[in-house]
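Could you slot chain E onto chain U? The hints should help.
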Amino acid sequence: MGTQRYLLSKLGQLFLTLLIVLTIAFLLFRVLLPGDPVTTYLRSSGARYTPEQVEQLRHDWGLDVPIFPDQYIDFMTDSLTFNFGVSTTIVPGVSVSQLFWERMGKSLILIVTSTLAAIAIGIVLGIKGGWKRRGRLDNSSMGVSMVLYAMPEFVLGMILILLFANVVHWFPSGQYESHGVTYTGTAHLVDVGRHMVLPWLTLTLAYMGEFYLVMRSSLLDVLGEEYIALARAKGVREKFVLRRHAVPNALLPTITLVALSFGFILGGVLTVELVFSYPGVGLFSVDALQARDFAVLQATFMISVIAVLVANLIADLTYGYLDPRVRTA
Amino acid sequence: MKTEPIVAPPTTPPSDPVVKGLTPRQVKHARQRRALARFWAQFRQNRMGMVGLVILLIFIAMAIFSIFADKGRLDPTIATSGPRLAGPSMQYPLGTNRTGISVLSLVVEGSRISLFVGLTAALISMILGTTIGMWAGYKGAVTDGVLMRVTDAFLVLPWLAFAIVMAAVLGQSLWMIIFIIGVTSWAGTARLVRAQVLSVKERTYIERSRALGASDFHVVSKHVTPNLMPVIFANTILTIAIAILSESALAFLGLGDPTSKSWGTVIDEAFSAGALTLHAWWWLLAPSLCIVLVVLAFTMIGFAMDEIVNPRIRER
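Top to bottom, those sequences are chains U and E. Numbering that gives the first Met the number 0 puts the first residue of the first sequence at 0, with every later residue one more than the last. Numbering that gives the first Met the number 0 puts the first residue of the second sequence at 0, with every later residue one more than the last.
With the rest of the complex left out, here is chain U (with noise of 0.2 Å):
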């Protein structure tokens, strides 16, 4: 009973938020924007159309109804299937949604990998710096740690390379592959792998150090519990405190937060890829915001909400069913 009433409040809260951003998102790109997305269209891409097909197209584009409520209801059907019309200006006439499909796997897996290990790197470093405080490696770790949280994710990019493309030329300073040769099998696998190195490196470094100020500070916090105290007063070993008392528990609350940075680990993303020009989601982002391109705009950022949303999902069930007394409450 208790799990199912969890498990409805929170998809009861993910619905409520994607009401209020969507609603957001309408008054941007419908109500504020300025320009009308058909005249853009046929400046960029040059064709000529009479009259009435140009109202063929405003029609088709469902730009001829009212704006509320015809548009409004359109536009939450549209952004929630991913039907978001085609390119106005860098690609005019594209679908957005096959743009976007065919640069996500370059992007995802950036993504993926670097934030797991930045995750995993984050939490270790900040169990066993948390546990020693003040000692030698916390020390060093927590110093490390608030230079890479007030570095931009851009300038540690461009550091990298100025060290590792310019000084020594260990790795390429950017693109997804070589041009100009082809390499196949093994050799286009170790050419592509080569190429994402200082990408991967740039975002796994700029979230390790946030990683690991949280999960110091959540075992702090629980070392300061009684149940800590508890489980020492009954001779429990130091190793066995900390594994089975102190790091459990402080877990909890780092998953909630890990989750929330995901948006600026998306943020992050999108500069990163610019410094690295690697052909991603995020450079084709920026690329459009550079050719005002809106329909682009409206994808990258109803695709970032989405990937937010289902992120906080995960991690609100995850919690739910490592701790019962937030089933419960």
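Read the hints as simulated data drawn from the structure, not as lab findings. There's no promise every hint is true.
What the hints assert, rightly or not - A few chain U positions that, by computed beta-carbon distances, are all more than 12 Å from chain E:
| no. | residue |
| --- | --- |
| 1 | 1 |
| 2 | 42 |
| 3 | 44 |
| 4 | 47 |
| 5 | 48 |
| 6 | 63 |
| 7 | 68 |
| 8 | 191 |
| 9 | 230 |
| 10 | 237 |
| 11 | 239 |
| 12 | 248 |
| 13 | 263 |
| 14 | 310 |
Stated by the list, open to error - Below, computed lysine-lysine pairings styled on BS3-like, alpha-carbon distance capped at 30 Å:
| no. | chain 1 | residue 1 | chain 2 | residue 2 |
| --- | --- | --- | --- | --- |
| 15 | U | 127 | U | 238 |
| 16 | E | 138 | U | 9 |
| 17 | E | 138 | E | 200 |
| 18 | U | 127 | U | 233 |
| 19 | U | 238 | U | 131 |
| 20 | U | 9 | E | 200 |
Even for Gly, the Cβ is constructed at its ideal location relative to N, Cα and C.
Below, chain E alone, put in the same frame as chain U:
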């Protein structure tokens, strides 16, 4: 700011030496002065906080200096005598850019813009977050529910995607950028303030004040707000750091104000001009280092203040 009564009960000798023969207002001011002095004494003991403060003061001096500095040297339309893309030298300590302008002058000018954007955006974020958090926490019930759903929505908004869309739709003047950063960063503050209000409003002196006939406005402005000020202040310092980082990311994506160049705008220009392939590292690294140092300074001060204000952290 403590829960002790303004005037000690007559049966016990006054525990507070300043109370004698003063009006309540004078007593309040004397206590505030002492609280500040106590705070400063604790802050001075904190090495991390002091290092941050010193770094910050250097950059504030730089920003003030830039108001009076000669702007002619920053104007590429006025023929500049400097060599193009020259590395650091005695004459140009941080080298020059593609049009022969000293990078040092660019960085000094940028300090004023970056600090201004950071401070103003954090102020907007603080006012929004405090108002909404206080309103939600104090009113409770339906108001709380509605405001917290909106706060949650803003909390999970992928901020950069949201910010670039806003800047692309609404324009990218300096004030618009400040507004956008303020609007995208208040949610965390609102949650913090709400949680604090929920605990403060249950205390007995609030009840006592209400029993004496105080209005909601009186309770919030005279009793709740002063109690939260230290926490809000520490949080705002950390928000300034985030606001400066946010501005630099927007500027790097080409959304800076071209007429007032922040450090982020300088990095964007250097990057777009191909400073990486031209090996003009000084042009990129000088403004980058400034961002890192200032953000680090605010973070260090914020962490130190958190430690003082939040006794739970101090005990560790």
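Going through the hints against the structure:
no.: 1; hint: 1; verdict: holds (21 Å)
no.: 2; hint: 42; verdict: holds (17 Å)
no.: 3; hint: 44; verdict: holds (20 Å)
no.: 4; hint: 47; verdict: holds (28 Å)
no.: 5; hint: 48; verdict: holds (26 Å)
no.: 6; hint: 63; verdict: holds (22 Å)
no.: 7; hint: 68; verdict: holds (21 Å)
no.: 8; hint: 191; verdict: holds (21 Å)
no.: 9; hint: 230; verdict: holds (18 Å)
no.: 10; hint: 237; verdict: holds (18 Å)
no.: 11; hint: 239; verdict: holds (22 Å)
no.: 12; hint: 248; verdict: holds (16 Å)
no.: 13; hint: 263; verdict: violated (7 Å)
no.: 14; hint: 310; verdict: violated (9 Å)
no.: 15; hint: 127/U - 238/U; verdict: holds (12 Å)
no.: 16; hint: 138/E - 9/U; verdict: holds (24 Å)
no.: 17; hint: 138/E - 200/E; verdict: holds (10 Å)
no.: 18; hint: 127/U - 233/U; verdict: holds (23 Å)
no.: 19; hint: 238/U - 131/U; verdict: holds (12 Å)
no.: 20; hint: 9/U - 200/E; verdict: holds (28 Å)
When held up to the earlier numbered hints, the structure conflicts with 13, 14 and fits the remainder.
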